[in-house]
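First to last, the sequence lines map onto chains A and B. Using my numbering, the first residue of the first sequence is number 1, and each one after it goes up by one. Using my numbering, the first residue of the second sequence is number 1001, and each one after it goes up by one.
No wet-lab data here; the hints were simulated from the structure. All the pointers check out, no bait thrown in.
Covered stretches of chain B (chain A as the covering partner; in silico rule of three or more C-beta atoms under 8 Å from a C-beta of chain A):
(1) 1181-1188
(2) 1203-1217
(3) 1242-1253
(4) 1289-1303
(5) 1306-1320
Idealized CB from N, CA, C, for every residue including glycine.
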Amino acid sequence: MDYDLGEQADGLRQRLRRLIEEHLPEGFLGAFTDDPEDLAITQRFCKLLATEGLLAKAWPAEYGGGGGSVWEQTVVREEMWAHHEPRGPQYMGINWVGPAIMRFGTPEQQALHLPAIAAGDVIWCQGFSEPDAGSDLASLTTRATPDPAGGWRITGQKVWTSYALMAQWCILAARTAVKAAKHEGITMFLVPMESQGITVRPIPNLLGPHHLNEVFLDEVSVGPDGVLGQVDHGWSVIREALKFERIGIARYARCDRLLVLLREALGERWDALPAALRARWTRARVHARAAMVLAYRVVDAQANGIVDDADASVARVAATLCDQEVAEVLLEALAAQAVDDGRTRHPVLHGAVEDHWRYAQAATVASGTIEIQRMLVARAALAGEAR
Amino acid sequence: MNLELPDVAIDFGVAAERAFGDAGGVDLARRAEERPGTRSAVVAPLLGVLGALDLRLADDPDAALAGGELCRVAGRCALPYPVTAVLASGGGDRPPAAIIDPLLPRADHGDLFPRWRLAAIDGTAWDGRPEGPPLGTELGPFVVDMATTVRPDQGDTVDVPMLLTLAAWQTLGSLERALELAVEHVNTRHQFGGPLARFQAVQFQIADATVAVQSLRELAHFTLWRLWTAPLDRLVDALALRAHALESARDVLRTCHQLHGALGFCDEHDLSILSRHAQPLLRLWPGLEATTEQLMAAIDHTGFDSLFGAGATARAAHDG
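The following block holds chain A by itself, in its conformation from the complex:
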């Protein structure tokens, strides 16, 4: 038994930290702010990572990747998330849109999309949720009907769509047939966001700009080459995508970094905090460590080609609860400074804790709610299939 990630992965971690230190401004809190320069920073950083062969580090070389191991990919995920995701919205293309196209795409789709994702040239958004299809995603009603001129016409509404205003492409789920089982009859489409008939409306929200949008589709025309996978069999693509999503965000890494940094930043004020709060900080560090080793179990399974849905959900439940626990502990430690953000005078850690707390509210909602994760875990446990 050996938990050492190895010299290669350690070297990669140091290299990433150097790049972050050299190329990101101090106090960088991600692309999703009101300042367009923050998005520009992430775009430049993605280009840099791509040039260094690090953006698609774990992708196979044939798709423009670096052929790295899943452990190197884990290091990338950890370092990026810990440093407020300087890949901006592009993490999604790398983490799962690209892999889904590798798995289900035609050679033409692969040639069109994968090099662009690997080069950091393109932003994707994900058109899954709808006003009446959230956790019950298979109830989606956005309709794609065959176009007599060839291809498809898509009409409907998507919601909560992150990065929709920035994205050039959308991976979109639409109903192509009404069948007895609602999971059947769904098809995945790769849709250019500049298509006629697409309207995006941003929704002001506590998470910050760009996280939540509505996307309206009115007779949007998509060619036959826009179908990803088989017509009516999009659910298997979605399941694959969500599996990647569940371990896609290394939340424990940012938790760990902020727990360490805030204590340093508070200096002598730390000792004056209530003992009970310092005890919660102490236990949160243990929880972040536990969430990390749980995630490593899933990555290890992935390395061996067997990702278990329930294991991935266990890791996700632990990581998302840890995220919210850390958010509460750290915000409480800031006391009256909790409400400062990066724009106020002298915010602690440039407002990173306030930013983390806001975003952590979505940890148990986004990419599959904690209730759905608990159902998956319980289902496996009750069937005697949990480890």
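For this one, chain A is given, so just place chain B on it according to the hints.
Leaving out everything else, chain B in the frame of chain A:
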């Protein structure tokens, strides 16, 4: 990276579980409560046959993992024997080792050995000997008051981090088994025309307990590996594991009792035995808040190794 337990540890655990099962499993604990001599007459020879007493945990990480597995399967059947104390003794004829509260020195199964090596969490050590028979209480059927004498020679120290770690593995076993029993119960117990398991309120409790058990298991594996690879961080890592084990035990045992209803309180049911016999390891040594305080102090002293924090071993390596 290799997250798999070595075959030698897995095989050891399988053999031990089979041997304990053949000897009666949880019934061994019931028999021992009626006839305390069962511990020496039945359990000790079983451990001897398995070769448990020959494991040299300090010599070899695989042996330590085999020891961890032994503690886990002992926890699964509430084995009435101080397995952690014997394994952490260092082997040979050395007396068993245990952690005590210096204000009220007590050891589980303290009556089984005439001499003990006892230590507080901070490593302060005493020689110990049993003072009287086991308390025979519900939560401490074999807990014994101990007399301590200050050791003239502090050189032969007690491996406190190893004890804390092995105890967490034993607690893990008890929680694993308690959860299996709860799953079995909610699948088979019918109310309102169907199994309890069909209620989402029940499913979510099972899910949370599953997360807690898996989380403790992964941290237990990781910590035992760290004891070997980060020698300057042994105490801080072991305290972190103990804190996690105490939290998990509190939550998982509570859930399992709740889901079993009144049945789980009956000694005829294994859950009651598991729950009662798990208590000495949880209560005689520092509890959750006290462990957290100790952990906080240890972090102040040595740091806590993590992606962004450096433990003492990493700092020493960095400083060359």
